[in-house]
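For this one, chain V is given, so just place chain C on it according to the hints.
Protein chains: 2
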Amino acid sequence: MYAIGLDYGTNSVRSVIINTQTGEEVGTHSWVYETGEKGIILDAKNHNLARQNPADYIKGFEITIKKAIEMAKENDSDFSSDKVIGIGTATTGSTPLPVNEDGTPLAMLEKYKENPNAHAWLWKDHTAYQEAEEITRTARENYPHLLAKYGDVYSSEWFFSKIWHCLNIDEEIFDAAKSWVELCDFVPAVLAGKTKPEKLVRSRCAAGHKAMFNEEWGGLPSKDFLGSLDPKLAELRDDLFEKTYTSDKEVGKLSQEWADKLGLNTDVSVAVGAFDAHLGAVGAGAEENRLIKIMGTSTCDIIISKEVEKDIPGICGIVNGSVVPGYHGLEAGQSAVGDIFNWFVNVINPGSDEQVSHEDLTIAAQELKPGESGLLALDWNNGNRTILVDQRLTGLLLGQTLHTTPGEIYRALVEATAFGALAIINRFEEYGVEIKEVVNCGGISEKNELIMQIYADVTGREMKISKSSETCALGGAISAAVASGQYDKFEDMQEKVCETKEKTFTPIPENHAIYKKLFDLYMQLHDSFGKEGKSDLQNVMKELLDIKEEVRKQ
Amino acid sequence: MYAIGLDYGTNSVRSVIINTQTGEEVGTHSWVYETGEKGIILDAKNHNLARQNPADYIKGFEITIKKAIEMAKENDSDFSSDKVIGIGTATTGSTPLPVNEDGTPLAMLEKYKENPNAHAWLWKDHTAYQEAEEITRTARENYPHLLAKYGDVYSSEWFFSKIWHCLNIDEEIFDAAKSWVELCDFVPAVLAGKTKPEKLVRSRCAAGHKAMFNEEWGGLPSKDFLGSLDPKLAELRDDLFEKTYTSDKEVGKLSQEWADKLGLNTDVSVAVGAFDAHLGAVGAGAEENRLIKIMGTSTCDIIISKEVEKDIPGICGIVNGSVVPGYHGLEAGQSAVGDIFNWFVNVINPGSDEQVSHEDLTIAAQELKPGESGLLALDWNNGNRTILVDQRLTGLLLGQTLHTTPGEIYRALVEATAFGALAIINRFEEYGVEIKEVVNCGGISEKNELIMQIYADVTGREMKISKSSETCALGGAISAAVASGQYDKFEDMQEKVCETKEKTFTPIPENHAIYKKLFDLYMQLHDSFGKEGKSDLQNVMKELLDIKEEVRKQ
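If you're matching them up, the sequences are chains V and C in order.
Under the working numbering, think of the first position of the first sequence as 304, with each following residue one higher.
Under the working numbering, think of the first position of the second sequence as 304, with each following residue one higher.
Treat the hints with care, as some may be off.
As the list claims (entries may be wrong) - In silico lysine to aspartate or glutamate, DMTMM-like type, Cα no more than 25 Å apart, as pairs:
no., chain 1, residue 1, chain 2, residue 2
1, V, Lys837, C, Glu327
2, C, Lys837, V, Glu835
3, V, Lys834, C, Glu835
4, V, Lys348, C, Asp849
By construction, these hints were calculated from the structure, which means they are not laboratory data.
Isolated chain V (complex conformation) (with noise of 0.2 Å):
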């Protein structure tokens, strides 16, 4: 049996058709979305706007999907169309939507289609910022019980900031709107037929990190809360959802439209779909006690647990069932990660005459021992999302001298990052989630090798590496496989197609006993900048070069 994967990127979505025996990939199509910039509709005098085009996700699964399918017949002579028994579908988000009464985006209208606001409003457009600020601000006031599993703010990128601001700039889109869907949700309803709001399966992924919807309070948050925003909120909220649900339920069955135009049957199971972070940590093997990190421009931190004794402080989301049915999904993350590393080569763009690529820096890098530069970075050139959640704060470099070189501080700013996730495991541990393994997927785990041995040194925990690089499509064919119930629940798969690469990265202890000095000054750091109270940093510098100087000698 086979299961379609579907991955929603920001720039381009993939189909990969996955034996769901063996979890092997047997064919697999990329398409770079055709409306905007590399997919993305973008606004010269507006560098906080990026939406897409939702004709471009129908368009994107219908072309991936038949030419996986055309590769599948040519790479495995086991495979028939008809051995595909269902479809899961993994996205980025908060990525919302307006659609009409028969849940037509507003975009696919002629009189809407040139207007960015009918369009999907993509995960990171940050035009909401200041309706994001009055969530927080109210909810703090009046409503703390809804932030507290939020890390006490309510983000920009998320639904109701977005559609707020809609609102506030756009109030005839926005009226024109029955309802606003998750592009999570939009996919698989567009594959079953079954796009009209009062029909749509919301993903209890999305609704939960991004909603603010929590069964602990009854689902959404209430009239009165989203009427002290906007009266037009509250009446809104009857046109989203009372309930959600898990991946492992089927949204239906594939279209007899869609089963026709893909070559595939009506008995395929089209799953609930849900984030991509969340099911690439179910294809990565995402069970208790076991971190995955999605490592690239940014990273995600999710770990499942059955039980969550106490709200987290300064973890953005705690929401039961969005990753593995039945478990609590913990999501934490880093706001840059990669992006400080781009930032570094491409913008600043040091060295040019030896010296311009992640490769040769990562070279410089590598020549290096820890503590060796005498250089200590703060990794917040985005904020910091955890555990801080704060949003204004900035990147931070200190014990330059005049010989300091460009691979020395390519170590630092990567450093910097491995505190920033030591940081957070600690949170997590200090909260009794526990924290045994450590599984990394997504690019920079496969990329870069130093940058996973730091991680393992700063942190002292081995660091592994999904076998698959395609977790969350991955993730994705699970879930079908399971909403097609061919598999009870997500683990009977996982076990037989989540693993890890036998080549994995070990603390070494030397190195690891002086990154445990250096994580002191970084959290000295940490708290000063980032956290109310006094400290007296006159140490910092000092204890830099007494370390650089102690490294040097050996």
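Below, chain C without anything else, positioned relative to chain V:
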């Protein structure tokens, strides 16, 4: 009448022939020392080592004086060699060299010519850092008065650190030396034929600023003190000096030998030498309440004052007569200014595609408003000389986002050095040395208008630029003219020849208002990392973002 100013720099020596009535430069020539790398003997195994060949000093004045005379004859029909009335000498320092009983540098003896320890120990030789620490420790414990005028720290660059290090690592050379001579004393001694140690005329400036010579405690530090470091240093004291002289005094007349070789007569006065910064300040017009800033790779800030009521903490030297005789010379400075910009341009080498030079980065920096980048830096890449007097401090850059550009960083580094300059001005004024005028000289002040404007905007003071670009040689010529008796005192000639350029830089009020806020944040970081005591830094990044947003709105 004409005087010759000699200026011994780090890599080359320059002779300038100056009309003593008008200050006009009628002939000039410079020559790069021929030994070592750009005139410096280095050691690949020890980056602290920097020595020079004393033979180059002699060859240097011979070549450059002859060539300058040739040029003067061509340029100025009034000039003739017999109108030269004196030679004044400005040099780097502390640059001591060991000599034998005849006053011959050990490095010029066949036996020692390959031994770097027998050569001149260039000012920036840092091999004696351990001895400097030990001198500081010993003085603080038992002889605290010795350091009170040196900001409480004795440097590895200074006279006794270097001599003691020679004793510790190469006792043969130490024993072979009858005495040690500063470069600024060596050159006049050769010219006047008075090189024998017992006949050597020693500079007040060099002795006072680098050898802890002060009449308050009877000249050089006591035998007790020197003996507590090493008994042999106490013995050496007898072969050093009891008296020192200001640069309005004559070492003697030009010797017959050198008069013949140079084509001058033996009436020529050879003035007592001094350090380049101090004679440079004379040439730039040093007078009471006028701060002279010599801006290059590092800065030297010099002001003179009739009375100094009390020692000023953090000011590296207060020496009676070291600049203008009859006044105390007060010396402060920043360990790195141009060197920080050079590091960023040459070592970090940012923006290979678009921005590679100081000029390019200056253009990029110029397009920014104060506060617009959200960045703040500390100018400590080479430690802090004034006012913290702490070598064990390092650079810091804060406020980076994923969009921070090289131009923004360049500007932040310039601003950091301007904040450091303001901290020095404030310290002088807190201790009663009022600064009514600031005159800048040196490469940066002539070459980079943006930097001068930022200094004006940060300090809230007009920045004037010295008209002469050879202030050190001009200062030497002034000392020669006074030593020869043409003028009674420095002030009489300064009044005639020291001018500032018409173009000055006045503070722009809006910019100064922003920089006041940024300076408060700078001082917050300055005190947190540089001094004992606790502070709350949570405001820093947020205030920088507030300022950035406010400025960008305008």
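Hints violated by the structure (listed by number, smallest first): 1
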